[in-house]
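> Letter by letter, the chains look like this.
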Amino acid sequence: MSQSYDRGTVESFGRWLEFKPGMWAWILHKLTGWILVGYLFTHIAVLSTATGVDPAAAAAGNDIYTTTLQSLEELLIVRFLEIGLLTVAVFHILNGIRLLFVDLGLGLDRQDVSFYVSLIMTALITLASLPTFLGGVL
Amino acid sequence: MSTEIQQETETTEEQSPEQIREEVAEDLSEKRREQIQEDLESAEKTVQLKVFRYDPEIEGKEEPRFDSFTVPFHRGMTVLDALIYARDRYDSSLTFRHSCRQAVCGSDALFINGQQRLGCKTQMGDLEHPVRIEPLPHQDVVKDLVVDMQHFYDQMHAVEPYFDPDELPDGELEEQHQTPENREKVKLSTRCIWCGACMSSCNIAAGDNEYLGPAAINKAYRFAMDEREGSDRKQERLRIIEQEHGVWRCQTQFSCTEVCPKDIPLTEHIQALKRESIKNNLKFW
Amino acid sequence: MYKHDVIVVGAGGAGLRAAIAAHEEGADVALVSKLHPVRSHTGAAEGGINAALHPEDSWELHAYDTMKGSDYLGDAPAIDTFAKQAPDEVIQLEHWGMPFSREEDGTVSQRPFGGLSHPRTTYAGAETGHHLLHTMYEQVVKRGIEVYDEWYVSRLAVTDHDRPEDRECYGAVGYDIKTGEIDGFYARDGVILATGGNGQAFDHTTNAIANTGDGQALAYRAGAPLEDMEFVQFHPTTLPSTGVLISEGVRGEGGILYNDEEERFMFEYGYANNEGELASRDVVSRAELTEVNEGRGIEDEYVHLDMRHLGEERILDRLENILHLAEDFEGTDGLDEPMPVKPGQHYQMGGIEVNENGQTCIDGLYAAGECACVSMHGSNRLGGNALPELLVFGSRAGQHAAGGDLTDPEIPTGPSAESEDGEVDTPVEPGSVGDRSDPVVADGGAVATPEELLEEAIRKERERVDTMLERDGVNHAEVREKVQKTMTENVNVFREESNIKQALKDIREAREQYQHVGVADKSRTYNTDLIHTIETRNVIDNAEAIALGALAREEFRGAHWRKEYQERRDDEWLKHTMLSWNGGTPNLYYKPVILEGHEQTYEPKERSY
Amino acid sequence: MAEHYSSFEHKGWRWFVQRITAVFLVGVLAFHFITLHFVNHAAEISFAGTEARMGQIGYFSLMVTFLITGAFHGVNGVYNGLVNMGLKGTQKKIVAAILTIATLLLIAQGLRVAVAMSGMF
Ligand SMILES: Cc1cc2nc3c(=O)[nH]c(=O)nc-3n(C[C@H](O)[C@H](O)[C@H](O)COP(=O)(O)OP(=O)(O)OC[C@H]3O[C@@H](n4cnc5c(N)ncnc54)[C@H](O)[C@@H]3O)c2cc1C
Ligand code: HEM
Ligand code: SF4
Ligand code: F3S
Ligand code: FES
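Residue numbers (UniProt numbering), protein chains in the order written: chain A, 1 to 138; chain B, 1 to 285; chain C, 1 to 609; chain D, 1 to 121.
Any given hint could be a false lead.
Said to hold, decoys possible - Just some of the chain C residues that point at chain B, by a computed CB distance under 7 angstroms:
(1) Val108
(2) Lys142
(3) Glu146
No wet-lab data here; the hints were simulated from the structure.
Glycine residues also receive a C-beta, built at the ideal position from the N, C-alpha and C atoms.
Generate coordinates for the entire structure from the input sequences, incorporating the hints supplied.
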């Protein structure tokens, strides 16, 4: 008799519009965090080429480490990925700072504003760094 | 007791009770239709409700659906008023909890236009129309707008939500002292009316069924921060909220704080408890 | 069938207190409530709890104020017991963690309240009832007391001896709202009714929608008399559109009432030259309506309550929730403008006749809280006296039911306490329509054991619910509205014979319609349609009792004002109006007021403020 | 009641260390980005340049700490995230084990790389 209907969580996760700033901040922080971890692993993998460097080649400037890095840097796509990484890192840092303040119990009633500020600053920093990042390939 | 006029219900021909009942009912429902018509015409404005319906026992309602009701609007009308109108005039099987009409009983937390709110505390005039009314998300729906609150109650009970001081004054007529500052500190947390809105809005609670949830943690805060209880009890309280599904689960999403109809700064209280337990643990490290 | 020693019906302040007391007495207690305990209307109380705590104050003074407030219709033994025990109860609450407002030195604050000679109202902000309710529910959780929430009690299992005094109560029948299951609660030692007020008999009320007077109706139909039902308190400061209450605390803190001409009318027109806004509720309510009737009301409906001069800090500190209420339910900012207020039904002074130990005349049946009438409020309740009543008499009822040791009661109960037969000319016959052998009382003296009696009651209830669910008919809302309208129009603050008679006629009509009521919702799951239908019957019984009492009492006393009789008539009316169901043909009689207390005898004096 | 939750492990420390590492990372990560993208453009990185920087003991130890805190912070974050999403029981244990091993491997490899870069040993 006492049956009940479970609307589940999927439905509400589908309702993005109903999400609030705090929830978006959480999702974005998670996402950026995961990307950063992913990058950390890749990064070390790429840098691992350094272990195979022999001193002679290094002196000539054509060791595997240098060539790998430089050939990667020549690819436009890598430059864009780097910009992406910067964006991700900047947002994670800024929102991370916001979260640290939240943890200290500071400015809780402005948490939505500080989230928007993190977003805007991320955008600005990304834009500002475009020339540096794209320098040499375009 | 004497009676002035003996009023006998005189019926010329014998009618069966069923016949009488049908006639009376017919009569009244005719009046009711007219009344609705009149209400709608005389109102300056009408509003549309789209209400979630579900009843496992009734044919056609076992599959959830939305019903629409047109309700005459008047200034100051709350969502609860509108629902009551819809129920009393259109469909008496429309089911929702309500009692106090003044935001103290916590019965009517609903999902109104995509946000958890108390029906009685939400002005129809402040909402976009049509107004969509659903039961609280993340809780099983029993019928229409009624959800199963048991799990919420269990979580509340799990934090040992009762005052339990280390010691009491000896004198029979002697009260415990509490500074006004300390009272101020716990004041907001004591306002909770157990409506469940916060729990329903929290993503973490949705994902982890055992998460204590903002209301229960706030309850723990209410006691842990009350200086009258004493430090031994506080230790125990911190242990409770520090458990696996306790405060650390909170990801400071703030949804709870945003929806709480009693304006309790839930996230702030949860964070304060996190710091409190860290401080407490550092002492032993 | 669920078996316990003590069954407490209703989990508001009175029910919770009774359950705790019975539990402490060692009984196995269960709370059965149609709402989850924290949803009870006790949570709406704002102002405070009176108790003589200060050394300069004394219980005798509190008792004296209460008696004066009651307009000498309270029974002295009840009032004395109350005033003596209230301080213990308040301290007890404090020990249970109640977050009372505090003084700088950390002690519990007390503020002045209407009708009190000393500031003795303890409070917790403007949400005293909320805190009281939650604090006590928490103690219930602590003790692990069984709670059957969302169980609606619709019938008592009472034997059907001729004289109510010979009857015994063995339990109650409940309807599990969530599943539709009907089952019995067997009470080895007693059933305590603590079902709260009956404000739903009126359409402008501060009461919750669930306050339908179920307990009063259940006890009444089972044979326990109703006492002083005509005394209904109308609160002078409710918001005009919803009936939401603006606490007396506002006036206690210094809030002022103004009419349309911005006159402080309480003084200006001499309604209460000494106390002004702090005069007793009935006085202020009538003053407001008189202002409105004489054309000095605002929009011909209400007056203004102004607290702006108290200053933002004080308001935020002590009356913060008033700001929210005025904003959310009336759209008024109390810091910025005066709040519109008008009188609304607020409290039922009368109720199920009980003695100081909460016993009705039926053995094993108790009542406490607003549904009961020990008669401590008499014809008018003082603000802040109901919450301590819940505590004192709730605890006494619980204790007594669980076999605790209490002094013998001095207040007699049951129709045999009659001093005088009542005479009243009713335009129509009151009481049940058709079915005279009311189903509340089990039939057949032949019923062997208490359990069989309860079984029989369960069977009957199942039958009744089945028929209601099966048939189609009149919708309860129609009937309820009719009753509420006529009560608000005719048995309000100002009462007149012809109006009361009109109300009785309308109520009769409602009863007849109720005979044809049907439940449209056929589901067994959370069927509120059914519950409201059952409640409507109780609303009718309550309304009728109020109207009958109002018609019978030919004087002006306390909250009961009669156009034809503008005076308190002590020589004739120092007596309680009693109404017993009498198998469906209500019997009106009177019972003398007891003015002789434990330590002092009260002399009726003029009640002026 | 409360016993209904069996686990009373002090979970606070992981939360706490996550914050502490975060505070540290704010500075270092920003520094890292600035040195390797703005001061020294990424495209111009060469082994020689790297070696020059890593040869300094201060920079070297900063980078090693960066690696360890970053790895801890990242993986701990991922683990917390998974647990919050409802990971429990054996699955949780397996994931914890895999993540720990991965982190240890990452740190080990990172150290090897760092040593190679520094040319100090
Ligand atoms: C707005 C407002 C403000 C007030 N302010 C003050 C104040 O400041 N000071 C003061 O002293 N007094 C105040 N009062 C009065 C006081 O609050 C009430 O008289 C008191 O709370 C009633 O408590 P109770 O326990 O009798 O009933 P309630 O709290 O109403 O509880 C009734 C209980 O019975 C249950 N119940 C009812 N019917 C059934 C049934 N058929 N089956 C099962 N369960 C049932 C309900 O679920 C509920 O749990 C105020 C009242 C109101 C309305
Ligand atoms: C630079 C400064 C950084 C700051 C201030 C910072 C801050 C934070 C904070 C406060 C959290 C906790 C969020 C929470 O539990 O609510 C977090 C989570 C996380 N961080 Fe960082 N972080 C930084 C750098 C990094 C780096 C370099 C990485 C990757 C290696 C990283 C990966 C993560 C991950 C994966 C999470 C978990 C996300 C989740 O909840 O699933 N962070 N960060
Ligand atoms: S904390 Fe707020 S939202 Fe949550 S249950 Fe309590 S009152 Fe409702
Ligand atoms: S929404 Fe949930 S995550 Fe924390 S801040 Fe509130 S409990
Ligand atoms: S009806 Fe009580 S909170 Fe809305």
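> A closest beta-carbon separation below 7 angstroms is what the hint needs, so does C/Glu146 meet it against chain B?
violated (13 angstroms)
> Going by Cβ atoms only, is C/Lys142 closer than 7 angstroms to chain B?
OK, holds: C/Lys142 within 7 angstroms of chain B, min 4 angstroms.
> Closer than 7 angstroms between Cβ atoms is the bar; does C/Val108 clear it against chain B? Give me holds or violated.
Since the shortest Cβ distance to chain B is 5 angstroms, the answer is holds.
Hint violations for this structure: number 3 only, all remaining hints satisfied.
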